[in-house]
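Enquirer: Below are the chains, spelled out letter by letter.
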Amino acid sequence: MAIENLHHHHSTPHDASAVSASGSSHDTGRLVAEIQQWMISQLAEELQINRDKMKVDQPILSCGIDSMQVVIFVAKLEDWLGIRFSNNPLEEHSTIEALSHYVADMAGKRL
Amino acid sequence: MVQDNAVTSQSSAPGGLSSISVSERIAKFLILLFELLLVAAVVSLLNIEGHRHFFPVLCFIIFGFAIHAWLPMRHRIAFFALLSITCVLFVLGVSNGLWVLCVGGALIGICYLPIGFGLRLGLLAATGTALVFARVQFPLPFWPVLGSMFMFRLIIYVYDTRHETTKPTLASSISYFFLLPNVCFPLFPVVDYRTFRDTWYDEDEWEIYQRGVSWIVRGLVHLLLYRYIKLNLVPNAYELVDVPHIALFMSTNYALYLQVSGQFHLVTGLLHLFGFNLPRTHHWFFLASSFSDIWRRINIYWKDFMAKIFFFPIFFALRRHGSSVGPAIVLGVLGVFVCTWLLHSWQTFWLLGKFPVTANDAFLWLGVGTCVAVNAAFDSRRSVQRRRSEWWVALSVSMRTVVMFALVSLFWACWTKPGFLVSIWGVMDRPGAGHGLFVVLAWMLAAVAIGMILKLFLDWQASRERKPSDEDFLSSAKLHMAGLGVVIVFMSPWSSSLFDSDIAQKIADFRADPTAAEDAEKRLQSYYEDLNMAAIQAGPLLISFSPEAETRRAQAYGFYKVSRTTDLYQGVELIPNVKTELDGSPFSVNQFGMRDRTTLTLDKPPATIRIALVGSSIVMGYGVSDEAVFSRVFETRLNSEHSDRTHRFEVLNFGVGKQWAPHRLIRIQRKVVKFKPDVLYYFVHQDEFQELASHPAQLIAQELELPSQHLKDIANKSDITRGMAPGAILSRLQRYETELLGAVYETIVDECRGRKIVPVWIYLPVPSAELDIAKAKLIPIAVNAGFLVCDLTDWAKERQGLFPTAEHHPNAEGHQLIADALMRMVQTTPEVLPSAKP
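Going down the list, the protein sequences come from chains A and B.
Note that our numbering numbers the first sequence so that position 20 is 20, with each residue one more than the last.
Whatever position you read off the second sequence (first residue = 1), add 111 for our numbering.
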């Protein structure tokens, strides 16, 4: 999945700019963890389920999320990180784990 | 990761293989086999999807399952591909089957070409365009099957494989496109390629198989409910004269969608038997509580297809161009509904050979799209709702569900019956509308109360978490076996002695599936039922299993191609200028809507004696070519053997199938007399008493004028009053069926005598082993009405050689014999052939 037209619409997470600037694998790991926590809270809230039931290696679409909730979730992610996807990123990165690595990688390249 | 279980031809076993012992495997296999045999028994007994040849296909699938379940995992997908290909040949026969396999194989081949994606896409588009032209030019029987396999799945396949560096295995591609049950279900769920690939044996195989049986059983339940509703609950069009009947029509018409959900459950259930653990296609769609919710619950595969191919690309493109979430969602949803509207026409084109683009459809699809878009935009803005009491939530959900059901039913009724809203306003003006409205509102309130209780109960049940265990396989199997066993016992012909004769007759009628019978299209077709008319022309092998079913299907489909519904008076009419092929014989309708020559003129040529033939599908010449119809043969022989060269004979064929005596009277009044015939031959068979009461009852219920004073006199003495319920009108008129037939005949004779046309009544029975009791009743009525009566009972001594199996339409030889009998009639009864007028 390619990310096109990267914009700074909103403030990016504090850690994202910091770790990306430093570029260390430890900091990338922290960013990935932070993105995963953010995704889990967003999905748990959207689906009104206990966040403990969310697994990072489970396909997000298998949690009972529908297409409207997908776009709202992805749009929030875009706004949070200040990026834009060219298409639905869940098609190629279906789990929280895969998506967070992909997004962290892209965010790192952007910065 | 689900990808680990993807369909491959690798030797590694996917996660679906269970680690149970061989004896346990054998036990589970035998239980499944027994369940499937019970399913087959129910399908055969209740003639489920008989016109689609489902029973032989199901037997074929069960046989395939019995082998597939014991194959090493690495061979299973290849075996499934082989089974799918064989099933195409089994159902369609070699000739049509090979067309499907060759054209389909070429399309799959293009996807494998080692060229760039753009070139491949261009080549597919060019081939698709050529196929569209071929579909228009050559209306061959294999198109609906080929179209249903490729019209959407090719789009998904290309989309899903566009970035993949390694091509899918040929076996998985063949399996995906020629999916086993598709050949007898042209209206097929839009199976997603990735889902198809990634869910293959992604769980324990026996759980998948058992889930498949559950879905098959659920599909059967939906189809039987559909049959019951169609037969017993959907009101006729003429009954829509008060608010309760309007409400009943709206809700039952929407409920007819159970046919589609039933078929889709069957299809996905059958695919589970081969390891495809596909997700559900429908999820309690009658219980949707908002427009977004109905879109999520009904035809889920379609929703996912539209989201993947249209909604997400539109949404993210708009976002890249600076749009905020709300407008991007609204425009994305509207885009989806515009595409849905056009793709339904695309689907209709491949299944039925026509591309309907109507303002009514556009208005309704876009109307629904707007509602869903507004609903979705509203949902996207809502914040997390504060917690409310369980009772409040249950009441709110139940109310929204009832209102949503009413709204979707309204939309559905407008799809089925253009102008439905106008007819509602007409009903609201009638006396008693307020009381009817009150009754309907009371029912809705009761539904809200029941829904609320149900919601509270389900919430309570959900709070008692129950983990699935291994016992579920057995408990599910026991439930299916018990349910199927009960159906077999109570529905079988042997158990008819358990019930009184009325109930036994009703069970027998239900078993025979009258919804798929020859006259099914006379009933109001709902939106998807029309799409479901796509016929499968079976190959010789399949026809040999059930020749009668094939004959009924071919006739129903054949007449559907050449006729259309018209007003309540006439029922159906032939479509002018149609040229097609029915059962291999050319069938042409002229510009006047008659099975006759296009050279015919409205004005009678000089020195011509015109003979008008009025009657059934036998007179119309169903099953024989244009030149073999007895009207043509009779005309040729009259002109060669009876003409004195100062005049000639013209025999005009006004025969139409699916019409009865009251409709024929209308045809005479509206059409026949305009051609100024000299003599009218009115043909009658044993079924002359059909629809005698229901036709005038429908006209009276709709406050339409009866077509003659004779009929009005009978209506007057039947104590029918204004505003009476349609059912009551019908039951009163049924007491006067003999008088009604007499009134129809007297009106025909009056119409003829007023125009100096000689009215001739000709009894032409279909040879049958049963005693003909109709003739003795009919002849006195015709004589009393003033007809010149001719009895051609002896036109054929027996059916042998004159009628195809189980048919009541004679073949060309039979038509020759009818013409012979008519020639004998004009010789022995010269007054039926008047001399030429100056």
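Keep in mind the hints are simulated off the structure, nothing from the lab.
Check each hint, because a few of them may be wrong.
List time: in silico DSS-like cross-link candidates among lysine-lysine, alpha-carbon distance up to 27 Å [unchecked claim]:
no. : chain 1 : residue 1 : chain 2 : residue 2
1   : B       : K690      : B       : K465
2   : B       : K828      : B       : K908
3   : B       : K715      : B       : K617
4   : A       : K76       : B       : K617
5   : B       : K672      : B       : K782
6   : B       : K690      : B       : K715
7   : B       : K672      : A       : K53
8   : B       : K715      : B       : K782
9   : B       : K465      : B       : K785
10  : B       : K828      : A       : K55
11  : B       : K414      : A       : K55
12  : A       : K76       : B       : K414
13  : B       : K823      : B       : K785
14  : B       : K823      : B       : K690
15  : B       : K672      : B       : K566
In this text the structure is predicted, and so the values were computed from the model without any measurement.
Enquirer: Indicate, hint by hint, whether the structure satisfies it.
Expert: Verification of the supplied hints:
no., hint, verdict
1, K690(B) <-> K465(B), "15 Å, holds"
2, K828(B) <-> K908(B), "43 Å, violated"
3, K715(B) <-> K617(B), "51 Å, violated"
4, K76(A) <-> K617(B), "59 Å, violated"
5, K672(B) <-> K782(B), "22 Å, holds"
6, K690(B) <-> K715(B), "25 Å, holds"
7, K672(B) <-> K53(A), "56 Å, violated"
8, K715(B) <-> K782(B), "14 Å, holds"
9, K465(B) <-> K785(B), "33 Å, violated"
10, K828(B) <-> K55(A), "78 Å, violated"
11, K414(B) <-> K55(A), "26 Å, holds"
12, K76(A) <-> K414(B), "23 Å, holds"
13, K823(B) <-> K785(B), "24 Å, holds"
14, K823(B) <-> K690(B), "39 Å, violated"
15, K672(B) <-> K566(B), "47 Å, violated"
Going down the numbered hints, you'll see the structure goes against 2, 3, 4, 7, 9, 10, 14 and 15, while the others check out.
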